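**Q** As a plain string of letters, each chain reads:
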Amino acid sequence: MKNIITVKNLTKSFKSGDTELTVLRELELVVPEGQFLAITGRSGSGKSTMLYQLGLLDHPNSGEILINEVDVTKLSAEERTKFRLNELGYVFQDYALIPELTALENVVIPLLMQGYNLAESKEKSQKALERVGLVGKMDNVPSKLSGGEQQRVSIARAIAHDPHIIFADEPTANLDTETSRIVLDTFLSLHKQGQTIIMVTHEPEYAELTDRIVKLSDGKIVSDIKK
Amino acid sequence: MSVSNNLNTDGRGLKNLFVSLKLGFFLAFRQIKRSSIGTTALIIFVMTLTFLNLVVVRGILVGLIQSSIDVYKERYIGDVFISTLPTKTYIENSPSIIEIVKNLPWTESYTGRYLTAGRIEGTYKERINYTDKVNEATPQFAGIDPVMENKMTHLSSRVIDGAYLNENDTEYIMIGANLLKKYLPIESPGLKTLANVDVGSRVRITVNGNVKEVTIKGVVKSKVGELDQRVFMLDSTLRTLMGRTDYNLNEIAIRIKPGADPIVVRDALIKSGASDTAKVQTYDEALPKFVKDMRDTFALLGDMLGSIGLVVASITIFIVIYINAITRRKFIGIMKGIGIDAVAIEFSYILQSVFYAVMGVLIGFVILYAFLIPYFIAHPINFPFSDGILVAELVGTIWRGSLLIVATIFAGYIPARIVVKQNTLDAILGR
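Protein chains in written order, with my numbering: chain A, 1 to 227; chain B, 1 to 431.
Source of the hints: derived by calculation from the structure; they are not laboratory data. Heads up, a few of these hints could be off.
Pair by pair, the computed Cβ-Cβ distance ranges are [what the hints assert, rightly or not]:
| hint | chain 1 | residue 1 | chain 2 | residue 2 | range |
| --- | --- | --- | --- | --- | --- |
| 1 | B | V366 | A | A119 | 36 to 42 Å |
| 2 | A | P99 | B | V291 | 44 to 50 Å |
| 3 | B | I37 | A | S189 | 38 to 44 Å |
| 4 | B | I409 | A | E28 | 37 to 43 Å |
| 5 | B | G13 | A | L66 | 40 to 46 Å |
| 6 | A | D224 | B | G13 | 40 to 46 Å |
| 7 | B | I409 | A | S189 | 44 to 50 Å |
| 8 | A | P99 | B | G13 | 28 to 34 Å |
| 9 | A | I182 | B | L17 | 38 to 44 Å |
| 10 | B | F18 | A | D139 | 26 to 32 Å |
| 11 | A | A119 | B | L42 | 51 to 57 Å |
| 12 | B | S36 | A | N9 | 48 to 54 Å |
| 13 | B | F25 | A | K144 | 20 to 26 Å |
Straight line, CA to CA, 25 Å or less: simulated DSS-like cross-link-like pairs of lysine-lysine [to be verified]:
| hint | chain 1 | residue 1 | chain 2 | residue 2 |
| --- | --- | --- | --- | --- |
| 14 | A | K2 | A | K227 |
| 15 | B | K212 | B | K151 |
| 16 | B | K102 | B | K292 |
| 17 | B | K102 | B | K330 |
| 18 | A | K122 | B | K15 |
| 19 | B | K15 | B | K151 |
| 20 | B | K182 | B | K133 |
| 21 | B | K22 | A | K122 |
| 22 | B | K181 | A | K124 |
| 23 | B | K33 | A | K144 |
| 24 | B | K221 | A | K127 |
| 25 | B | K151 | B | K223 |
| 26 | A | K124 | B | K22 |
| 27 | B | K257 | B | K102 |
| 28 | B | K221 | B | K292 |
| 29 | A | K15 | B | K421 |
| 30 | B | K102 | A | K122 |
| 31 | B | K223 | B | K133 |
| 32 | B | K133 | B | K192 |
| 33 | A | K2 | A | K226 |
| 34 | B | K181 | B | K151 |
| 35 | B | K330 | B | K421 |
| 36 | B | K223 | A | K74 |
| 37 | A | K124 | B | K221 |
| 38 | A | K144 | A | K122 |
| 39 | A | K74 | A | K124 |
| 40 | B | K330 | A | K15 |
From a predicted model like this one, the values you see are computed outputs, not experimental measurements. Backbone N, C-alpha and C define an ideal beta-carbon position, used for all residues, glycine too.
This is chain A alone, in the form it adopts within the complex:
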């Protein structure tokens, strides 16, 4: 199986006043296509920062990130946006839905941006929402949906355009146990279909459900357990 992500010598630091705070230190990581990877660690360990670098939402200070053999650290801002649109999907901790748009419209917008017409976009979005079990609530705005339903809309938005990788940043952090389980089941179902997923979580029991657990501490990988 080919490697979909290759991280070489990745370092990220932030300036805080006069001091420089290094959050990620010379990370090395290889992720094969189709893997469900959990990144764990305590608060401040650098797990979300790592996800943002891999997901092109932030730019590292040094190192290389190869996604499908493209060094994404060398892309311009416009190319990074286009890359995120076409290759990646995101699931945020707080769902990150646009409040004025219905569940269906939230899923439709990246597809419209990809150049699909409205009818095609709606058709693909409906399929994605069906996959996450939200058939009857497509026309509801986020405020009319429960937290779990909003998160499933977020997942539907992430998968509707068939991305190569889904990045999920603590997708169950704001959900109760039962709803978290539904969201995890959705991820597992997607994974079974061959989807590459990288998920940040601080819940060991959810991490246990994945193929591989990478644990970070002080910006370094301290354990890498493959099942």
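Dock chain B against chain A, hints included.
**A** Here is chain B on its own, set in the frame of chain A:
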């Protein structure tokens, strides 16, 4: 879709631009549709006020002087005005000119006036000593045909006290309000007013050395300075006092039919030879220079205020859109995060701004033309020298509304651009 294919499309093709604009429209339409009605109404209300500020302030300023011009035209000089040549004391061959005027196809009505200087004295019976100050004024006396004058200028509607002259009032006069202390309580070396004189008072008039006692029948207040300082009497009475045996007039004011061009009428009169013995002018040419200067000054002031109003409007829109964009910073970040490009996001904000501006301008148009202008026509502002109206020519208003919309496009784009340019992750995380 392969990565390399995606990255091959370097630069923005027309198709990509079209896709971004379409998505921008999609986002703008839904955001407007589902945003809070209260917020939308407030923004549109601000836009309406901004538009009205742009149009009404200037409109009142221009209306102030425009109504003064209208009053001058309606109540005094008409559309075309024939007056005495500077070198003459009256219009020679006036009867011939009147015949020409009467036969012009554009003439609706006209009136001729005899004018002369004279003296008017009030309360002269109460003056005991010759050393007492004489209660007098030195106005211009106008001899008129009351019927013709009223048909042309509706002078009877300007009588604020007493009554209008009739054809048999040989022993009566009407007096301009500015000649009575009661209406103009100021003392000035160049302007004497009569004290304790009102309708019904007996006054003594002296014209060309001839003295006559008459009764004041009415007081005229027209808001035209020249008229409000005149004494009006029957033309036959004044001619007798002047010792005039001919029918040569000093002024002929002509009202032309609606749609007729004053320039065409003037040229026709000149062509007929009227200009050989008289000055023939359109109302615009006959306006006193100070009125023209005031008109130009007020128009300039109006344009300056309008420009300031436009800048204020742009800043207002900028603030409104900027606050709107700032409060939605997180969602702009999310959209960028999931791959929506800057053009689509910026275009959606421009469209929202244009929507607010167009709605504000449209409502402003309705308020302006359906309520404000009719209201000002029915209830003009009572300025001393005019009845203040609101002037808002349709073309000018459309032009100002368009300017406001163009300003809105920039004012909507810039804040959206500022927010879109911010770091995507910072926007998402609210840092």
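**Q** Compare the structure with each hint and give your call.
**A** Hints versus structure:
1. B/V366 with A/A119: 36 to 42 Å: Since the Cβ atoms of B/V366 and A/A119 sit about 38 Å apart, the hinted range of 36 to 42 Å holds.
2. A/P99 with B/V291: 44 to 50 Å: violated, 59 Å
3. B/I37 with A/S189: 38 to 44 Å: holds, 41 Å
4. B/I409 with A/E28: 37 to 43 Å: Check failed, 50 Å falls outside 37 to 43 Å.
5. B/G13 with A/L66: 40 to 46 Å: Taking Cβ atoms as reference, B/G13 and A/L66 lie about 27 Å apart, which means the hint is violated.
6. A/D224 with B/G13: 40 to 46 Å: holds, 43 Å
7. B/I409 with A/S189: 44 to 50 Å: holds, 47 Å
8. A/P99 with B/G13: 28 to 34 Å: holds, 32 Å
9. A/I182 with B/L17: 38 to 44 Å: Because 40 Å falls inside the window, the suggested range holds.
10. B/F18 with A/D139: 26 to 32 Å: Because 27 Å falls inside the window, the suggested range holds.
11. A/A119 with B/L42: 51 to 57 Å: The hint (51 to 57 Å, Cβ to Cβ) is violated, given that A/A119 and B/L42 are roughly 36 Å apart.
12. B/S36 with A/N9: 48 to 54 Å: Given about 49 Å between the Cβ atoms, the range holds.
13. B/F25 with A/K144: 20 to 26 Å: Taking Cβ atoms as reference, B/F25 and A/K144 lie about 25 Å apart, which means the hint holds.
14. A/K2 with A/K227: holds, 18 Å
15. B/K212 with B/K151: violated, 28 Å
16. B/K102 with B/K292: violated, 30 Å
17. B/K102 with B/K330: Status violated; Cα separation ~78 Å.
18. A/K122 with B/K15: holds, 20 Å
19. B/K15 with B/K151: The hint is violated at about 70 Å.
20. B/K182 with B/K133: Within the cut-off at roughly 18 Å; holds.
21. B/K22 with A/K122: holds, 15 Å
22. B/K181 with A/K124: Status violated; Cα separation ~88 Å.
23. B/K33 with A/K144: Between B/K33 and A/K144 the Cα gap is close to 17 Å, so the pair holds against 25 Å.
24. B/K221 with A/K127: violated, 82 Å
25. B/K151 with B/K223: holds, 19 Å
26. A/K124 with B/K22: holds, 18 Å
27. B/K257 with B/K102: holds, 13 Å
28. B/K221 with B/K292: holds, 22 Å
29. A/K15 with B/K421: holds, 21 Å
30. B/K102 with A/K122: violated, 78 Å
31. B/K223 with B/K133: Violated, at roughly 29 Å.
32. B/K133 with B/K192: Measuring from Cα to Cα gives roughly 12 Å; hence the hint holds.
33. A/K2 with A/K226: The given pair, whose Cα atoms are some 16 Å apart, holds under the 25 Å limit.
34. B/K181 with B/K151: violated, 30 Å
35. B/K330 with B/K421: Status holds; Cα separation ~13 Å.
36. B/K223 with A/K74: Since the Cα atoms of B/K223 and A/K74 sit roughly 79 Å apart, the hinted pair is violated (cutoff 25 Å).
37. A/K124 with B/K221: Judged against 25 Å, a Cα distance of about 79 Å means the pair is violated.
38. A/K144 with A/K122: holds, 20 Å
39. A/K74 with A/K124: Violated - the C-alpha atoms of A/K124 and A/K74 are around 32 Å apart, more than 25 Å.
40. B/K330 with A/K15: holds, 23 Å
In this structure, the earlier hints numbered 2, 4, 5, 11, 15, 16, 17, 19, 22, 24, 30, 31, 34, 36, 37, 39 are contradicted, and the remaining ones agree with it.
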